[in-house]
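Novice: Protein chains in written order, with numbering that gives the first Met the number 0: chain P, 0 to 436; chain R, 0 to 436; chain Z, 0 to 436; chain Y, 0 to 436.
Relax, there's no trap hidden among the hints.
A pair counts as met if it fits within one copy or between any two copies, since identical chains are not told apart.
Heads up, simulated DSS-like pairs for lysine-lysine below, C-alpha to C-alpha not over 27 angstroms straight-line:
hint, residue 1, residue 2
1, K177, K379
2, K26, K397
3, K348, K136
4, K78, K408
5, K431, K348
6, K26, K408
7, K397, K225
Treat the hints as calculated values from the structure; they're not laboratory data.
Take a look at the letters that make up each chain.
Protein chains: 4
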Amino acid sequence: MKPPAFIKRLFTKPATTGSKPDRHTRKTVALCHALLSERGEASGAALAREALQAYRLLSGPALSAFFDVLAREFSPEPKAVEEAAGDYRLDPSPANLIRLQHVVESPRQELFRRLNLAAGGTATLVEMRRRLLRDLKGQPHWAAIDADLVHLLSSWFNRGFLSLQRIDWRTPALVLEKLMHYEAVHEIQGWRDLRRRLAADRRCYAFFHPALPDEPIIFIEVALTKGLSDQVQPLLEPDSPVVDPAGADTAIFYSITNCQEGLRGISFGNFLIKQVAEDLGREFPRVKTFSTLSPIPGFRRWLAETAAAHAQLSELVDTLAADDWFQRAGPGTRNELMRLCAYYLQHAKHGQEAADPVARFHLGNGARMERLNWLADSSKTGIARSAGLMVNYVYRLKDVERNHEAYAKEHVVVASPGLSLLARESLPARLKSRRRE
Amino acid sequence: MKPPAFIKRLFTKPATTGSKPDRHTRKTVALCHALLSERGEASGAALAREALQAYRLLSGPALSAFFDVLAREFSPEPKAVEEAAGDYRLDPSPANLIRLQHVVESPRQELFRRLNLAAGGTATLVEMRRRLLRDLKGQPHWAAIDADLVHLLSSWFNRGFLSLQRIDWRTPALVLEKLMHYEAVHEIQGWRDLRRRLAADRRCYAFFHPALPDEPIIFIEVALTKGLSDQVQPLLEPDSPVVDPAGADTAIFYSITNCQEGLRGISFGNFLIKQVAEDLGREFPRVKTFSTLSPIPGFRRWLAETAAAHAQLSELVDTLAADDWFQRAGPGTRNELMRLCAYYLQHAKHGQEAADPVARFHLGNGARMERLNWLADSSKTGIARSAGLMVNYVYRLKDVERNHEAYAKEHVVVASPGLSLLARESLPARLKSRRRE
Amino acid sequence: MKPPAFIKRLFTKPATTGSKPDRHTRKTVALCHALLSERGEASGAALAREALQAYRLLSGPALSAFFDVLAREFSPEPKAVEEAAGDYRLDPSPANLIRLQHVVESPRQELFRRLNLAAGGTATLVEMRRRLLRDLKGQPHWAAIDADLVHLLSSWFNRGFLSLQRIDWRTPALVLEKLMHYEAVHEIQGWRDLRRRLAADRRCYAFFHPALPDEPIIFIEVALTKGLSDQVQPLLEPDSPVVDPAGADTAIFYSITNCQEGLRGISFGNFLIKQVAEDLGREFPRVKTFSTLSPIPGFRRWLAETAAAHAQLSELVDTLAADDWFQRAGPGTRNELMRLCAYYLQHAKHGQEAADPVARFHLGNGARMERLNWLADSSKTGIARSAGLMVNYVYRLKDVERNHEAYAKEHVVVASPGLSLLARESLPARLKSRRRE
Amino acid sequence: MKPPAFIKRLFTKPATTGSKPDRHTRKTVALCHALLSERGEASGAALAREALQAYRLLSGPALSAFFDVLAREFSPEPKAVEEAAGDYRLDPSPANLIRLQHVVESPRQELFRRLNLAAGGTATLVEMRRRLLRDLKGQPHWAAIDADLVHLLSSWFNRGFLSLQRIDWRTPALVLEKLMHYEAVHEIQGWRDLRRRLAADRRCYAFFHPALPDEPIIFIEVALTKGLSDQVQPLLEPDSPVVDPAGADTAIFYSITNCQEGLRGISFGNFLIKQVAEDLGREFPRVKTFSTLSPIPGFRRWLAETAAAHAQLSELVDTLAADDWFQRAGPGTRNELMRLCAYYLQHAKHGQEAADPVARFHLGNGARMERLNWLADSSKTGIARSAGLMVNYVYRLKDVERNHEAYAKEHVVVASPGLSLLARESLPARLKSRRRE
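Given these sequences and hints, build the entire structure.
Specialist: Below is the structure:
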């Protein structure tokens, strides 16, 4: 298909500002302009297809140049915005509001919506945001593109459009392979490992979006157990015997993975956990406890920083320097570490929020910190980040709203009495209370 | 589930302005506010479910009161808008743009998105717009609600999310029943009629959206024929013999129906026609012509108005007063009517656009006016509106963009030489050209 | 495809016996022979396709001629049978048994199996038996063909290969149309009637076979009710209000229909009733009673015969001659008829079996005769055959085997005490008991 | 469920002959008898379920005892057979034929059909035959059981009931795992290997039966190539680059695997090859050659035997003793081996049939021996069995029937001129022709 005359003109028009886009980038931009024009309306999906194809070939500097143009040429007109805002201030009528909203919306949004007319559009836009995020730090002027993409993708990937699907050994290999690729919390060591994770006493669920049929958006791995798990390695052991799930009273959410980097910041985990808890509760009426077994990724770093300020802790921290310290640790070390960790989880802050990122996620969802577990994760990473400790966050569906509100409004960290007691016995807590006296 | 304390408080709070919502409306509004609050984030889909249920019970004055509150309490703050617009004017930075866009968006939009978290949300929002549109004329202050719904639904019902499905005798009765209900151009007279329209020499396709699984969004009915059809009744005849579609060289789009009143103004027809033409072209390589057989709904009214201004036409118009005029019409009447209709289609204007609404649709899609057909629709409606005439609009995929652009930019009505000649021979054209001389 | 030389030879070979098959029949027979030969083995499904096509064109005398050949040329060799049987008698070794079984099997069976290699084979064989049965009475020498088809089809349509599918308003129209066509017990009066039979308080299930994907084999219609239904017309009323099935305690099987004439004599009803009772019991734990509401097709005829022998009944029988007798019948008539009918159901015999064919079916399945209902079927047929009476047969899954055995071994008609009492009070019963005294 | 009285009686009845079955075996036999009785008819699938469960627990001597009873107690009555055969001899009427066929059929067959009423019945019967075959050699009196199972399973697994399904990376892992397990010709070395075999330039198809939904019956692996492949290792190489199949002109069937030991002797390969060739021909109109690349499993053994008789070959055979002979083999050795192999394939006999089992299969299907390939299979097995040689069998659909007939009737080995020439130049051929002179 020969490009029509006006596109050729665009090619020869000198770039008005900044970086000089190469020939292919200019062609892509021209197609984007055409897609927003009258032609775009008539062409059905044909022009969108062409523009998508052109875009997909961009990479490196050409891609950056394209994003530069997107930021520059597809933003709202400040002048028009000013006028419309003024009119709305004088008369906040529906007509003025509608005009203002129209004027304020970036033409980019409409561009993205029209790119989505073609097959594969949604996947390409998710991928576009992934590539944008990769270099966003160095290109702060792209932030408005990101904001537009987030706005659009949040709307499109609304929970109402996602379908929950069980993942098991009947799932297509194509999808299973992706799970293995994406899982980052507890890496899957090949098909044998995966097979165990999908056996009768395990469950795995993922959200899918109709426009990305073979792409999990997020998935969760669950073990059906008797009692609250206090160690993760037995759950991961490929050779562990499969037990009858009918005897289980607890569902342990031992891993949850967001798959799409391009959807970063759009929240799915909360919906997934609650939906899965509801569904499992129906399938297994005897399962009454829904709990995670979670890492505490920030504990050791916080401990090192805290030790720098408290000489009393230096001996403890020195102990941890040995490779096999955890195999030799006595009850004293163990108790002291558990108390410190409880303190870290409940009282260490990042602004007003909990310092630990995993804690932030589950508290924000309305879970309660239940129990600290010694030597719960003896993997290299587990030892290095959290001294081998893991924590259970328990989801009680009837308390979830209240807990969430307490955390969201007043940053109350809801924790079990046992965990709170541990925290109170920790050195920093004792120092604080002494100071108060 | 008992409503929590803060909702009860809302109930007893005196309404600040305007109409007095009843108890149930106030409860619904309170749930909507709660859904937008922190609680809404934590509750997963539970609160959305509750709010949807409450909303669905509203009707009559309670529904109007609810829309009043939606218009009043869920709009952007003019003050905040003014500030953000001012900042953006002074410094059109990404940060200021993002803040402005955020401030300008109605909280309604977020409310609608959160209602969509629950099952059935999308269907309810489409239905909400249907009910809003029904009374919008008398309630102009609801226009901003409508604008928000249109914005959201246009984005959600993007072509990229629709799937084209063939409708045939294997389609669930549930869906077929809806087709019979929705078809308005050429009414379906029960199951026997429908069955004929789905036989081997017919095709029917619909767009579906994943969130409305059994609801056609729009559908099109096609007859596979030899040559361009010049009469619609034979195509609709339930007892007509079914012929082998392998011999067809033409696809006649004889009916296209938008099903969802709540999606009015969101355009699907253009995409549907082009997709179906592409698919049929692949399935039947010998089919080379894709054409409509369309009504001309505005012709008789225009003719009456024109006759009022041109005494020469009064005799003709008088002829049409008889019930059976068309059975007795001689070649003179026939020729004169065809010329006038050709003139109407090509030259009568509604603003700058073609006066005939069906013409506007197909010209806007890039089709060409091909041929006028005498006694093509002898139904009561056909005679009353268009003196029994119908017109073929032909879609040539390779000309579609060019035709569309010609029409969209310069309002050029692309028509066949034959039709243009007919128009030139009409009385109004002759008068005009005489005047010019 | 040109027929190979040896087929041509077959055509010219003079027919050795009986009717003179025409040219096309001879071709069909030749293809059947070829299919059984070496060539048949190599050709994959190609030759089977050809033979099926040829067969499908046969009708009238040509079809009869074909069946004649099937009976004559594709039967076992009596001589070979005699030898093999003799060997088996002398030495009942596995080898001799296997040879005998091989020799005794008609080549027809292998022919039918090979015809089944081609797509549509199973459907054609079912249809073949339908056409064979139609004329079998006049052609007793076809009985062996029928026996072979029954043997094969019984094996292929084994319960293990059937799938139970729910029929509802989501079922393809194609299948629903067939249900309307096949239902004979209580005719379906069009789509509106059908729709009511598939509403929330009704259930319909059918068996399907994988080789006949859109063809129901047998289907059953169920009403979910409170208490045992005593009238069928309210169940059939298209305008009756739909009630919530959650409140039901009884499932009434009010119609069961065998769809495939070509599968006559192969029993599916027993399996269907039991499977549906099990499934409904799971879906509706509150439903405890599974019962039919069944016609009594032979009652009036038996009554007429009985009255001929018992003068005391002539007055009653005379009463029934009026068109509207049932509207005027007083308690006396009513009681007498109910007693006679109870007697007929329990004691009238056809050989050793129950005289009533519907009774034979349900007793053979292990059901119990529960209750007679006055004016339960006021349709013309219902009045004419059974004086408007209907009977409930109740299926209690735990009694089914015992009841069946009692009936099958000793022809015990298992009936409720109430029904037995009615029977004992009838005139024939009283006469008998007097005679015994 | 408690066993009813008559089953208990059976338990205590003394075994009349042979091995003494244990308690559980006797229970299983009793259930089998019950299933064949009146009770079996009434119970729906319940009794079949029970009998299947009991059977599945049998193993070792208990299973053998069960088979002994099956052979003894469920065979036709010789006396009744004799009578019926006599009657048929005297009067070969349909009635006598039907009775004879009925009497000759083992009650076992009906037992197997009734076992199939329960879910999983078909799979259990296939498995039963697998276990029977395992020990059949030592238990010749089980042959009649085997014959009955073969008869039934051949009928049930008729081509008309199998569905061809493409196997690719979207296939459930459950099924893919089975393929890896079953493939025996060219073992699959794990998921990575499998993934390559399912890439864009490969195809894999399997037959499935509706009663065994996740169990492939037979599968075939195909490579789409340019030209006839002469080496198998490149086709199997997991790291080989994937090429665009649109450029292919040849489909190489490089592996075909029967999966169900319990269906041994029931032929599927012929149908599968032809169906796949047809389907591929439609999908890739440029693919004109359909060929295998097949092992020659009997060549080396035949060569060793032949060498024992012909001193002239001893040097050649000695050469092959070295481990790496094939890497050092000069043109002389190579030519001599190729000629001998060509001779073996074309002229070596097993009875009247081709000596090589793979050759028998493909010639029986109507393929033609096309080309011998040097060092085509350098695997250990390939060298050990066929001196690294492989042969292409070409399927030309239009020649298949003729080739098959030539082979089946006159044992003509259809081979290409090149292969025939090679064979004529071999030592045994030259000796023969000399002898003839």
